[in-house]
Amino acid sequence: MKLAYWMYAGPAHIGTLRVASSFKNVHAIMHAPLGDDYFNVMRSMLERERDFTPVTASIVDRHVLARGSQEKVVENITRKDKEERPDLILLTPTCTSSILQEDLQNFVNRAALESKSDVILADVNHYRVNELQAADRTLEQVVRYYIEKAKKQNNLEIIKTEKPSANIIGIFTLGFHNQHDCREIKRLFNDLGIDINEVIPEGGSVVNLKKLPKAWFNFIPYREVGLMAGKYLEKEFQMPCITTTPMGLVETAASIQEIFQALKTIDPLAEEKFHVKNKKSIEEYIDQQARFISQAAWFSRSIDCQNFTGKKAVVFGDATHAASMTKILSREMGLRVSCAGTYCKHDADWFREQVQGFCDEVLITDDHTLVGDMIARVEPAAIFGTQMERHIGKRLDIPCGVISAPVHIQNFPLGFRPFLGYEGTNQIADLVYNSFTLGMEDHLLEIFGGHDTKEVITKSLSTDSGLTWTPDGLAELNRIPGFVRGKVKRNTEKFARENSMNQINVEVMFAAKESVGA
Amino acid sequence: MTTNVSLIEKKQESLTFECETGNYHTFCPISCVAWLYQKIEDSFFLVVGTKTCGYFLQNALGVMIFAEPRYAMAELEEGDISAQLNDSKELKRLCLQIKQDRNPSVIVWIGTCTTEIIKMDLEGMAPRLEAEIGIPIVVARANGLDYAFTQGEDTVLAAMSHRCPEINTQIEFDKKIPKKVTPNIESVTEKALAFASEKIGLKSLNLKKKNSHLKGSSGTEQEYLLRQEGLGVEKTKSHPPLVLFGSLPATVATQLNMELKRQGITVSGWLPSQRYTELPSVGEGVYVCGVNPFLSRTATTLMRRRKCKLIGAPFPIGPDGTRAWIEKICSVFEYEAKGLEKREASIWNGLEDYLELIRGKSVFFMGDNLLEVSLARFLIRCGMIVYEIGIPYMDKRFQAAELALLQKTCHDMNVPIPRIVEKPDNYNQIQRIRELQPDLAITGMAHANPLEARGISTKWSVEFTFAQIHGFTNARDILELVTRPLRRNQSLEGLGWTKLVKSAF
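Protein sequences, first through last, are from chains A and B. Take 1 as the starting number for the first sequence in UniProt numbering and just add one per residue. Take 1 as the starting number for the second sequence in UniProt numbering and just add one per residue.
You may find that some hints are simply not true.
Mimicking PhoX-like on lysine-lysine, the simulated pairs with C-alpha atoms at most 20 Å apart in a straight line are [said to hold, decoys possible]: (1) K2(A) x K89(B); (2) K186(A) x K152(A); (3) K328(B) x K342(B); (4) K211(A) x K152(A); (5) K231(A) x K210(A); (6) K2(A) x K119(B); (7) K186(A) x K279(A); (8) K280(A) x K264(A); (9) K2(A) x K99(B); (10) K264(A) x K163(A); (11) K186(A) x K163(A); (12) K163(A) x K211(A); (13) K394(A) x K311(A); (14) K92(B) x K2(A); (15) K502(B) x K24(A).
Please keep in mind that the hints were generated in silico from the structure rather than gathered at the bench.
Using the sequences plus the hints, can you model the full thing?
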């Protein structure tokens, strides 16, 4: 048993549901008690989804405990099959079904006989893997299922496209800025003369998974999800798997070079045949973008950025974003990263290797109190982390830029805010700069004693109200949340004056509320 | 439109209850820790469950998690599930840590689905650990296998009602009465009558006895005599102790206390109180009354285990409900309710601007927090037409007075009685919403945005749980919530973008 207040990565079934609801026309059925369908709320609120989240629960209640699910799960699957005609129904186990140990695979087999949809059981163990690992596994499972199905039906499309093309694997619902990143990658590939074959799972269709082998290579922007599917396709079809995240100028260049190395293995003349934008060579393109299209290189050189030299920063997040961010800060902006960390404990070795030489120490933990203690000890000038670090920063009065999930609704912006590619470097530069200037402004204000040296004596415009508040009235007033207290006070005093009362107690307060309705 | 009419016409003139599949969206009952830890200031809530529970709490409670909450997860790991670890030892370790860090006056263990399935004996372990660590441990099984959303509070309050101190004077008081004097009458009002006669009986009994015996209760006796003789000191007019149950913000509790005080009725305590150490005394002869419709277990526990007398009243939601609630309490104590008619009317007057907006508009409750019947009854009185009242669970006995008021309200307003659907099926409900096209759907967040995108105005139902909706004073707040989507739509009207999905709904 572990005393826990907060967690970075969610439970396994959330990962599975994210895969399922990212695909088009896939329905997930959770084997779960009432109230476990909270995922629907998150998707509907955070992503501001217009459509109903394709997730329903096959409710586990007392009867199920006593007699087993029996027909219930099968009925729910066949019912959903008739109602919505999905391509795939994914039965999703939860922590509850993990311990009930019902033979869910058997239900799936039975339901598959009756329904037109494909039915599979997500193969995840709640107590062994977290949200990200489960998502990775489920995506691989779905890809494997449809590749094998196509093999059996002999309609697998293995002939490569004429032009170089790529699958983008790992764009997700509820992923950190995933939609924006996807758009930016597409733009980058368009510049490079590379076609997009399939994007999965977001917006993808399981029916099209048999077309995956048509692409020349697979592009995995985030380590956390997509790697397993990428490796599977690499093993099965010898498709190159590009895993360098194009985040920051240096890594974006590395990623592009890696892509063309891979293309050359398929067609040695790839680079000459398929010109990048404006018929430039790759090196020219990278140089142009870095020096003139992206503003990040120039920003690093500008005197603004000089002020950051040697400033201490702490980075924490998922493996992909924390590693990339650490490298950007120390290599491209000249900051000193005192500590870089990740909560992806399962990927600790990779993370250590990546940030080696770019930070003073490495922290691998999923306990937010350890992260908080570390930040308090290091006292950085800025933090780059998740929403949790933002709150730690608030408490310690240290500015924080959010660079990784888990995040709140404000990190699902409507405007275009990629973290990847060349536009991503601009966004990151802004994020870093804004975090620090806020911090410095604060600091200067402190030195010079606030915005204005004159003390504000009274907040109300009238000088003397002639009204007295009784202790009970005052106590009640103080119970009202700060942001409306002023309004309530004014309204109450107005009411008291109108009714020529000069003592305000609780009763007058409530009477005032009833009369003006405020 | 034809289906529209036929569906409305189908509605009956008497109350009927339907029951669907129970495939609906609601919050897990463990969410009650969110408001209960804030209400009970010296408590600590420990949710014994898995990552799933923790993830729900963390996301549902948003920013509260960062304000040093007095709640935490005891997160079960594989070793706990397979019983390789000793539950009792593990819990002791965590509780000692909590004691050291926070030193609460009570630790509430919230049992979850997982503890149910692995049959962790929380109730058995609690008394032993309580003795070992010296902090009371209250066990509430607020799990998704058995309960929905607000029912979580019910399980906690039911567990806590066992911890209320026994009211001692009452025991002595009752001991003096020969058992046969207490008649076993069903109706609460009659019970009150019986109580009054007991008192009179007691008085005469005592008067016959030696005067020294009177010393203990002489104060109340004298007041009683004064009242009998018409010299009544209104404010201290005696009635049996009244304890209200249901967790409300301190402000709202004060407002309800004052409403009753105006009628000369003193509230002797609330379950829960602001602090665990101030739990109200209960026992035989104490009258209890609920303020929320989802508290049926607490009511049952107070009646059966603590021998309290339950006042079954409509709930003080909306001015109509509040008036009925006060009148019922008054009638039980044989007080004549004063000035309520005028007060209710003045509240309604103050609501007129909002009523204009909603009169004649239709509303559909998808159902997720058990406040539905009371809110529907209020909205019907406001002039709305309610198509359907979805509700997770319907305790017809505990809600009897509320249901009767609903029926009466429908009759008074000359509208058909809405269908009441227990354990609704959200998928079917969406189909019905599509046919009926209500002006407002009161629903959970899972469906709110998708419905809005299809041109159906929605109000997020959970807000009713967290907003202040009780008593005369807060009637406006309910309408503020109900009218918000309608007012928002007024300001967006004319832009022509109501349906924002490509598919036909």
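Status of the hints after comparison with the structure:
no. : hint              : verdict
1   : K2(A) x K89(B)    : holds (12 Å)
2   : K186(A) x K152(A) : violated (32 Å)
3   : K328(B) x K342(B) : holds (17 Å)
4   : K211(A) x K152(A) : holds (14 Å)
5   : K231(A) x K210(A) : holds (16 Å)
6   : K2(A) x K119(B)   : holds (19 Å)
7   : K186(A) x K279(A) : holds (18 Å)
8   : K280(A) x K264(A) : holds (17 Å)
9   : K2(A) x K99(B)    : holds (15 Å)
10  : K264(A) x K163(A) : holds (13 Å)
11  : K186(A) x K163(A) : holds (15 Å)
12  : K163(A) x K211(A) : holds (15 Å)
13  : K394(A) x K311(A) : holds (19 Å)
14  : K92(B) x K2(A)    : holds (12 Å)
15  : K502(B) x K24(A)  : holds (15 Å)
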